[in-house]
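Visitor: Okay, here's what each chain looks like letter by letter:
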Amino acid sequence: MAAVHEAQATGWVRIHPLVVRITHWINVLAVLMMVTSGWRIYNASPLFDFTFPNGLTLGGWLAGALQWHFAAMWLLALNGLVYVVYGIASGHFRRKLLPISPRAVLGDVREALRGKLAHDDLAVYNAAQRAAYLALIVALAVLVLSGLAIWKPVQLQELAALMGGYEGARLVHFFAMAIMVTIVVVHVVMVILVPRTFPTMITGRARRVS
Amino acid sequence: MKRLGMARSLADQPAPQIERLERRLFLGRSLSLGALAMLSGCTLSDGESVQKVLWAMSRWNDRAQAWLFDPNKLAPEYPESAITKPFPFNAFYSQDEVPFVPAEGYRLQVGGLVREKKPWTLPELYALPQTTQITRHICVEGWSAIGKWSGVTFRTFLERIGADLTAKYVGFKCADDYYASIDMPTALHPQTQLTFRFGDAILPPQYGFPMKLRIPTKLGFKNPKHIMALFVTNDYPGGYWEDQGYNWFSGS
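Chains as they are written, first to last, in the numbering used here: chain R, 1 to 210; chain B, 1001 to 1252.
One or more hints might be untrue.
[What the hints assert, rightly or not] Capping the alpha-carbon separation at 20 Å, the derived lysine to any residue pairs in SDA-like fashion look like this:
id, chain 1, residue 1, chain 2, residue 2
1, R, 152, B, 1102
2, B, 1073, R, 100
3, B, 1148, R, 167
4, R, 152, B, 1066
5, R, 152, B, 1064
6, R, 152, B, 1131
7, R, 152, B, 1085
8, B, 1168, B, 1066
9, B, 1148, R, 165
[To be verified] Far from chain R by the CB rule (all over 10 Å, computed), these chain B residues:
id, residue
10, 1061
11, 1070
12, 1093
13, 1124
14, 1160
15, 1235
[What the hints assert, rightly or not] Residues of chain R placed beyond 10 Å of chain B at every Cβ, according to the derived structure:
id, residue
16, 18
17, 80
18, 170
19, 186
20, 195
21, 197
Worth flagging that the hints you see were computed from the coordinates, not collected in a lab.
The model shown is predicted, which means the values in this text are computed figures rather than measured ones.
We treat Cβ as the ideally placed atom computed from N, Cα and C, and that holds for glycine.
Sequences and hints are given; from them, build the entire structure.
Guide: Right under this line is the structure:
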C-alpha cells in the first residue's frame, strides 16, 4: 500500500526492489566472466565441430580461463543464492513471475513478434517475460549443478550420474549455457526496443502511467 | 565428438613469456568491462592486482577442494568393455619426444621424510602386492578416457618406505623434466596407485614407462609419468603446470 501512496504523491512507482537490482548487476558481471572464460575452456577440447572466437573469450589461455571461471563461480553461486532466497522468502517470485500459463506465453510471444506487445505498466511482467525470466533462473541453476558435476565428478558422482556421468554433464553444461545466452540476447534486444525499462533496473522506479 | 590430445593443443601454444604478455594485453581489454573493481577492489588499470586476486582465488579453491575431498569416496570403476581404444597420448611434448628410460639399471629414488631411503629396482617394485583399476582419466582440457592400470597401492608403498604420513605433500621428479606434487590425503586414497602396467602389458613408454602415478580422484596432469624420484615433504613443491597457473589441488 505504501507504494501506491508514494505513486499518488510523486507520480513514481517503485518496480524493482533494491535486492533485485543489486543481484541483477552482480549477475551480469558474473555471467559475463563465466561465459567468456567458459568459451575459452570449451575451445581447449571442443565438444562439437566449432570453437568460439578467441577474441570473445576471457583468460588468454586455458589456465587463465580456468582461473577466471573458478573465481567467478563463487560470485555467481553466492549472488544467485541471495537472489533465490530473497525471491522465495519475500514473495517476489510469486508476485512477479506467477501465475503463468502456456497459452498466455504463446499469445504474448505472438504479439511481441508482431511488434504489438503491451508493456505500459513496467511493474507487471507480461507472460513472455515471466516465461523468459523463469527459464533463465532454471538455466542458471542447471549450469551451477552441471558445473559442480564437471568440477567434482568423483566427490559429487551421484549428481554427475543424474546427467549421465562426467561426459553427460559436459553436454548438459553446454546446452544450458546455449539456452542462457539465447535468453540473455533476447532480453538485451527487448531492452533496446523498450529503452525506458533500462533506468528502472538502476533506480528501481518508473513514472506512473496515468 | 572431436578430441584434442593435450600434446597437440599445448604444442600450439606460444612460449610462456609471450603468453604472459598476451594475457596482460587481454586483461587490459577486459578491464574495460568495469568488472574487476568489484572483484578485487583494485584500480581498473592494475593488471598485476587482477593476477594476484586470481591466484589467491586458486589457493582458496585448493582449500575448498581439500575440504570437499572424502578420503573414502571411490572413483567409479568401469567394465573392460568401456575402455577407450586407442587411449589418447598426452604430454607437454609430441609423441616422438617421449623419454627413453632403460629398465636395466633403473632405480626409483626415495627421499624426504621417509625412514628407508634405499632406491628401488623394477623387479623389487613388481614384487609388491598389485591391484588393478579401470577408471576414467579426465584431462584439464575437458576430454576424458577410460583406461586400465595396475600397480601397487601408493599407500602400501608409502608405508613400506616408512613415510611420514602426517606430512603435507608428496613430490615427484620425472625423466621428461616434468615435476608434480600432491596432498597427503590424496596420496593415501585407496585408488591412488604407483602404476607399472597399462591394459595387460608393462606400461609402454608413451604412457609413462617405467612407472606413473595413477590418481582417479585428480585431473590427468596430476598423474606424473616416467617417475625417477619421489619425496615426502612439508614444503610446497609446486608443479610444472601449477607454477604456470593451473590449479594445484585439481581434484575430481
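Visitor: If a hint holds in the structure, say so; if it does not, say that too.
Guide: Verification of the supplied hints:
no., hint, verdict
1, R:152 to B:1102, "violated (37 Å)"
2, B:1073 to R:100, "violated (43 Å)"
3, B:1148 to R:167, "holds (19 Å)"
4, R:152 to B:1066, "holds (12 Å)"
5, R:152 to B:1064, "holds (12 Å)"
6, R:152 to B:1131, "violated (25 Å)"
7, R:152 to B:1085, "violated (25 Å)"
8, B:1168 to B:1066, "holds (12 Å)"
9, B:1148 to R:165, "holds (19 Å)"
10, 1061, "violated (5 Å)"
11, 1070, "violated (6 Å)"
12, 1093, "holds (17 Å)"
13, 1124, "holds (31 Å)"
14, 1160, "holds (26 Å)"
15, 1235, "holds (23 Å)"
16, 18, "holds (17 Å)"
17, 80, "holds (16 Å)"
18, 170, "violated (7 Å)"
19, 186, "holds (21 Å)"
20, 195, "holds (20 Å)"
21, 197, "holds (21 Å)"
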